[in-house]
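K.L.:
Given next are the chains, with one letter for each unit.
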Amino acid sequence: MATTHADPHADHGHQQSFFQRWFMSTNHKDIGTLYLVFSLVMFLVGGSMALVIRAELFQPGLQLVDPAFFNQMTTMHALVMIFGAVMPAFVGLANWMIPLMVGAPDMALPRMNNWSFWIMPFAFALLLMPLVLQLFGIGSGAPAGGWTLYPPLSLQGGSNVAFTIFAIHLMGISSIMGAINIIATILNMRAPGMDLLKMPIFVWTWLITAFLLIAVMPVLAGAVTMLLTDKFFGTSFFNAAGGGDPVLYQHVFWFFGHPEVYIMILPAFGIVSEIIPTFARKPLFGYQAMVYATASIAFLSFIVWAHHMFTVGMPLGAELYFMYATMLIAIPTGVKVFNWVTTMWRGSMTFETPMLFALGFVVMFTIGGFSGLMLAMVPADYQYHDTYFVVAHFHYVLVTGAVFGIMAGVYYWLPKWTGYMYNETLGKVHFWGSTIFVNLLFFPQHFLGLAGMPRRIPDYNVAFADFNMWSSVGGFGFGFMQLLFVYIVWKCARGGVKATDRVWEGAKGLEWTVPSPAPHHTFTKPPVLRDEDLAHGDVAH
Amino acid sequence: MKKFRPQHAIAGLVASLGATLAWAAEKAEPWQLNLTPGVTRTAERAYEMHMIMLGICVVIGIIVFGAMAYSIFKFRKSKGAVPDKTFVHSTKLEILWTAVPTLILVVMAYPATVKVIEAYQTEGHEMTVKIVGQQWLWTYEYVGEGVSFTSRLDRRSDRLRQSGVKVDDNDPANANYLLDVDNRLVLPTDTKIRFILTADDVIHAWWVPALGWKSDAIPGIVNEQWTEIREPGIYRGQCAELCGKDHGFMPIVVEAVPKAEFQARLAAMKSANDTTARTAALAPAAAVAPKI
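Chains A and B, in that order, are what the protein sequence lines are. The numbers in my numbering rise by one with no breaks, and the one at position 244 of the first sequence is 244. The numbers in my numbering rise by one with no breaks, and the one at position 197 of the second sequence is 197.
Don't read these hints as lab results, they were simulated from the structure. Hints are supplied without guarantee of correctness; some may be wrong.
Each pair of labels, with its calculated beta carbon distance range [unchecked claim]:
hint, chain 1, residue 1, chain 2, residue 2, range
1, B, 258, A, 63, 41 to 47 Å
2, A, 125, B, 103, 36 to 42 Å
3, A, 118, B, 165, 46 to 52 Å
4, B, 121, A, 429, 53 to 59 Å
5, A, 22, B, 80, 35 to 41 Å
Simulated crosslink set (BS3-like; lysine-lysine; CA at most 27 Å straight-line) [as the list claims (entries may be wrong)]:
hint, chain 1, residue 1, chain 2, residue 2
6, B, 166, B, 245
7, B, 130, B, 77
8, A, 198, B, 74
9, A, 428, B, 130
10, A, 491, A, 428
11, A, 498, A, 198
12, B, 130, B, 259
13, B, 130, B, 270
14, B, 92, A, 498
15, B, 85, A, 198
16, A, 498, A, 428
17, B, 245, B, 192
18, B, 79, A, 428
19, B, 192, B, 270
20, B, 130, B, 245
21, B, 74, B, 85
22, B, 259, A, 428
23, B, 92, B, 74
Every residue gets a Cβ at the ideal spot worked out from N, C-alpha and C, and that includes glycine.
Pulled out of the complex, with its shape left as it was, chain A reads as follows (with noise of 0.2 Å):
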């Protein structure tokens, strides 16, 4: 399997200006690197304002923020974390590495590509611009009435929130885009041979998570559409003195929020499913249950929004309906689990840092899940709800999950990208370090919402003081690993020991073939494929 990289002035990425090349791009190397590098620059944004949040609660009283300010931090924190830092990685990820992995020379629509990018630095300055001018006097700061924005909460204060509203807008268009173009590549531009069911796990999650981008954007997109109407042009949708229903928002709402959920965690999916293969030297277990179990976790997050809203009052049978339909969700997650750890089982294992975060993600994102079913269930969810026990959960899913994945995908196809190994030994520090600490921050979380801690609370009684200050204490340590993360990404983009074509011994897949640093233009022809050089090898199962 020969690259197609014989006629070096095909090879245009080192004859364009530092302009051209990063503004004008539309190669797909080029804009997933955009991408990753914007989503790690909104991951310290959205960081920083973490630490404000754990700052404040590291212990009781109101000493740096007043509560207003506060509560902006919670729900910029909570947008900028989603839609600037998770969602764009898995973009980014999916540019560079879908085309490798499929065999096509570019996605298969490169203008929309650079123009999906550049929609983002543009929404983001929207969404950020509220908080900066605060910082000059101007205005009265960032909505601040949580991030899924319930009306009529959310309506409450100034203009800011068209701000919002239009840099959700702006996102969206720019995740459609990016959706259509992966669809569109995947299913078009395979090399001969690549047949659906040999597609690598991580396209396979990529295309079912773009199918669920193009179906729930314009939901949120219509959503905020009515607050904004209800903010400045006078319909109550969702306005009770006008006739209209606040709990609509939420149904609304939520119809969106729970798909969006499974487009942050089934990428990472994706990129779990082709790490522990390649650390254990055998192939995927069960690659179309996979598959299979993918479908059907997608298709549950349709049908199951409702539990985000168990104490709003709703009839019985819609409760038990809800209850139900989420309890399902655990089948398919269980099978990814249990074939994630049967792909271990009489392998040949081998612990480098991108296998230490697959195994960290395996292991706290099924804590997550854990917890993710008690809220399910209804009669606890009553005491769960809207405390700190959700707080824990989904950081657990979020955090050690969705971004933990987002790692260990950084770290598995890092000396891909730049052509040099990462320093190993940081990056086991980098893993252990933000173990431990997203552990002590996220953990006790648990015991404080199941001692009665509400959620989005700037002070609380003296009985939550140790809990939060461990908490807090855990924020900031997990805070400055990343550091230390950036420091080992910007080393290895850098220099280096050089990595080799295959750079990992059990590694398999088209994009391995290619040399290291990936050249600017791979696949122009297509590859010739054989099934043993497939991830999952076995192509009957």
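Dock chain B against the given chain A, drawing on the hints supplied.
P.N.:
Same frame as chain A, but now just chain B:
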């Protein structure tokens, strides 16, 4: 600090009466790790459901993480493990680990269903309390009795939180920091009480952990809940739905008293014509610290 003694005396009395369960459920304890069974059947149901789920999850966790740990120690390359590349699929295993979790879910769903249905049995209530959430206080009304009053964060907590200092968690006077109100909601024990909840401005949620449920109070919508408190005592909670800048500062305090005492307190509230007297009847503590 003196003005708060009567309140602690009442709390102490409750404890000394041997109502240890009620005492434990009054509010969160430092280092508390778990839910408490509370003082109502609803809270007990939540606790039971929680413990069933926790137990099942711990067992599954031990099996899954155990298998993973075994693989990590046994099947490592440094120990000379050779990968079994033929072990990549097993229909039997796939069926097994789809079917067994399904059965476990059925086992979970049964008690959950019974408990939810029980929670929805609102008929047969003996009295109704209307709860209205406002930014940032609660209004309570004993429906049909002509008694209503507001309940907001106590002045001491309010001063303390606005002072910007660290609240000393070793000072017993701070034990109820942010969990104290000027006027408590007095309720009778062993009485099925129906609540109707709504809000004036934005969505709030009324939550007292010892009672075992929370319910959103939504403007334009009336929600219904009920409780039957078993033990006299003082039970504390907070607003549980983000409702603006003082969301963290609208606590809820329920004082559960025996039926006869409740009737006396209610009568006193009815006969009280001026605010001061009403406040005194509602909360002895507030009588020592009169409103300005």
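K.L.:
So, against the hints stated earlier in the document, which numbers end up violated here?
P.N.:
Structure breaks hints 2, 5, 7, 8, 9, 11, 14, 17 and 22.
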